[in-house]
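S.K.: Residues per chain are reported as follows:
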Amino acid sequence: NAGVTQTPKFRVLKTGQSMTLLCAQDMNHEYMYWYRQDPGMGLRLIHYSVGEGTTAKGEVPDGYNVSRLKKQNFLLGLESAAPSQTSVYFCASSALRQGAEQYFGPGTRLTVT
Amino acid sequence: QQQVKQSPQSLIVQKGGISIINCAYENTAFDYFPWYQQFPGKGPALLIAIRPDVSEKKEGRFTISFNKSAKQFSLHIMDSQPGDSATYFCAAFTGNQFYFGTGTSLTVIP
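Protein sequences appear in the order of chains A and B.
Under my numbering, the residue at position 5 of the first sequence is numbered 5, and the numbers go up by one with no gaps.
Heads up, my numbering is the position in the second sequence plus 1000, with the first residue counted as 1.
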C-alpha cells in the first residue's frame, strides 16, 4: 500500500516549456487535490476533483490544467511554464465524506528558469 | 485573501515547554478544522482535527482548543520535544475545499 505517490520528484523547466505532474493513490479515494506550497504562503489549492471525470478550480488555478480520467490518477499540467510557477507541488487524496483526512504525497519540486 | 490566519510565523521553545499556535477564521461555513505537521522534504501529515461542536480535543501531548464564538482555534503541544521541530499548518474545510494557514515553524531546543 503505497498511499499517494507523485512523479517526478524534481524538475527544472525553461520558461514556456510544458510538463505534466502525475499523482497516483491506491486507497480508492474519491477526492483528489493539487496544492502548491510557497514560503510564507502555506498550501494553496490549485484544482481538485470529487470523482473520476470531474475537476474543479481552487484558489490559484490560472496557468494550470488537470485531468482525472481514472479514479486513482490526477494529472496536473503546465502548458507554458512561467518563473512564478516555481514551487513545491503536493497532491493529496481523501475519502468521500465531509472533511475526511487528507493524505499527502511527498511533493514535486519544480523550478522554472 | 487569507481565509485562515495563523500565528506566530515561527516559534522557539525549550524542551519540556508548551508550544502554542493560533489560528483565526471568518467563514462560519467551515465545519472541520485539522492541524498538519510537516517535516523538511516531506508532505504534510494529519496531526489532530476537531469539529465545531466540540471545544477541546486531546490526543497524547497534542490538544486543540476551539472557540466557536471567537472563530479561533489553537494547537497546544505539551512537554515539547526536539522531535516536534517541524512546520505546523492549521486548516479549515468547507465546500469540498481545505483552506490552509501560512504555517508556523517550531523549533524545540534541547
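Bear in mind the hints are in silico, worked out from the structure with no lab data behind them.
Cβ coordinates follow ideal geometry from the N, Cα and C atoms, glycine included.
Mixed in with the good hints, there may be bad ones.
Cβ pair distances, simulated, as ranges [said to hold, decoys possible]:
id, chain 1, residue 1, chain 2, residue 2, range
1, B, Ala1029, A, Glu101, 37 to 47 Å
2, B, Ile1020, A, Gly40, 18 to 28 Å
3, B, Gln1014, A, Leu96, 22 to 32 Å
4, B, Phe1039, A, Leu96, 46 to 56 Å
5, B, Pro1110, A, Gly53, 32 to 42 Å
6, B, Ala1029, A, Leu96, 12 to 22 Å
7, A, Glu101, B, Ile1020, 42 to 52 Å
8, A, Val12, B, Pro1052, 37 to 47 Å
S.K.: Let me make sure I understand: some of the numbered hints might not hold for this structure. Which ones are they, in numerical order?
M.R.: 1, 3, 4, 5, 7
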